[in-house]
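Residue numbers (our numbering), protein chains in the order written: chain A, 1 to 152; chain B, 153 to 235.
Don't read these hints as lab results, they were simulated from the structure.
Don't take each hint at face value.
[As the list claims (entries may be wrong)] List time: in silico DMTMM-like cross-link candidates among lysine to aspartate or glutamate, alpha-carbon distance up to 20 Å:
id	chain 1	residue 1	chain 2	residue 2
1	B	K224	B	D210
2	A	K42	A	E138
3	B	K211	A	E67
4	A	K85	B	E163
5	B	K211	A	E58
6	A	K85	A	E133
7	B	K154	B	E225
8	B	K224	A	E58
9	B	K211	A	E51
10	B	K211	A	E62
11	A	K125	B	E163
Residues per chain, in single letters:
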Amino acid sequence: MARVIVQREAFDIAAEIARMAADGGTDIGAIVTFTGLCRSEKGVLAALELEHYPGMAEAEMERIAREAEGRWPIDALTIIHRYGKIVPGEGIVLVLAASAHRAAAFEAAEFLMDYLKTHAPFWKKEHRADGQEGNWVEAHTRDDVALGRWRD
Amino acid sequence: MKLVYFSWVRERIGVAEEERDLPDSIHMVADLIEWLIGHGENYAYAFENAQVIRVAIDKQHVPHDAPIGNAKEIAFFPPMTGG
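Please put together the full structure from these sequences, using the hints given.
Here it is, written out as structure tokens:
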């Protein structure tokens, strides 16, 4: 059963790892974490504003987690995605995958991120440091390409 | 029918959500997009490149040829950029 959270607040990576290790029992041999951070793009951006589709975002993250659990021998998953205004250096998304061995945990974490980027209903708008109107971040075809390798 | 819009689709249309009575002639998502385009320049602008627009029926991704059926809520948005 995955822990899926959509929240405005910052997340605590160490606390999430400790929680997973404590809740997961003593057969977990590997916890992989991925943290996605807000970049300044060399000082151009003051912040990113994350918009999301409440209800669907959680549902889609849970669906993606179930799919990962079906593909790999996973003991625990955590996905936390933030919304609202996020400044450079702060975390946007956190994924944790726990398994007996590292290969499944690494692969599941990467799979979750590839699916989150292309399927979870979140959109980033740029806030520029110079005060000009920022753009909506455009989706990258490389994210769709990354997704392709998980297709059977 | 509740229609909801996100990101630049919301900005171009000018509202986040609205209630619409749909005519019986609308069977699938593509029909609904075509119908909305006829409701003003803001809709035409939002859907000017309709093939890139993503659609969810009752919070599930669907293709443009999906039947609308008994949908309660249909969402329109650009490709997602989370993560």
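Verification of the supplied hints:
1. The suggested pairing of K224 (chain B) with D210 (chain B) holds, with an alpha-carbon distance near 6 Å, which does not exceed 20 Å.
2. Distance hint between K42 (chain A) and E138 (chain A) is fulfilled; the C-alpha atoms sit about 18 Å from each other, no more than 20 Å.
3. For the proposed pair K211 (chain B) and E67 (chain A), the alpha carbon gap of about 17 Å is at most 20 Å, so the pair holds.
4. Restraint check: the Cα-Cα separation between K85 (chain A) and E163 (chain B) comes to about 18 Å, which is no more than 20 Å; the hinted pair holds.
5. Straight-line distance between C-alpha atoms of K211 (chain B) and E58 (chain A) comes to about 10 Å, which keeps the hinted pair within the 20 Å bound.
6. Only pairs whose Cα atoms come within 20 Å are accepted, and K85 (chain A) paired with E133 (chain A) is accepted, the gap being roughly 15 Å.
7. A hinted pair counts as satisfied when its Cα atoms are at most 20 Å apart, and K154 (chain B) with E225 (chain B) qualifies at roughly 5 Å.
8. As the CA atoms of K224 (chain B) and E58 (chain A) are separated by approximately 18 Å, the hinted pair is consistent with the 20 Å bound.
9. Between K211 (chain B) and E51 (chain A) the alpha-carbon distance is near 15 Å, which keeps this suggested pair within the 20 Å criterion.
10. Restraint check for K211 (chain B) and E62 (chain A): the C-alpha separation of about 13 Å stays at or below 20 Å, so the hint holds.
11. Only pairs whose Cα atoms come within 20 Å are accepted, and K125 (chain A) paired with E163 (chain B) is accepted, the gap being roughly 12 Å.
Consistency with the previously given hints is maintained throughout, with no hint failing.
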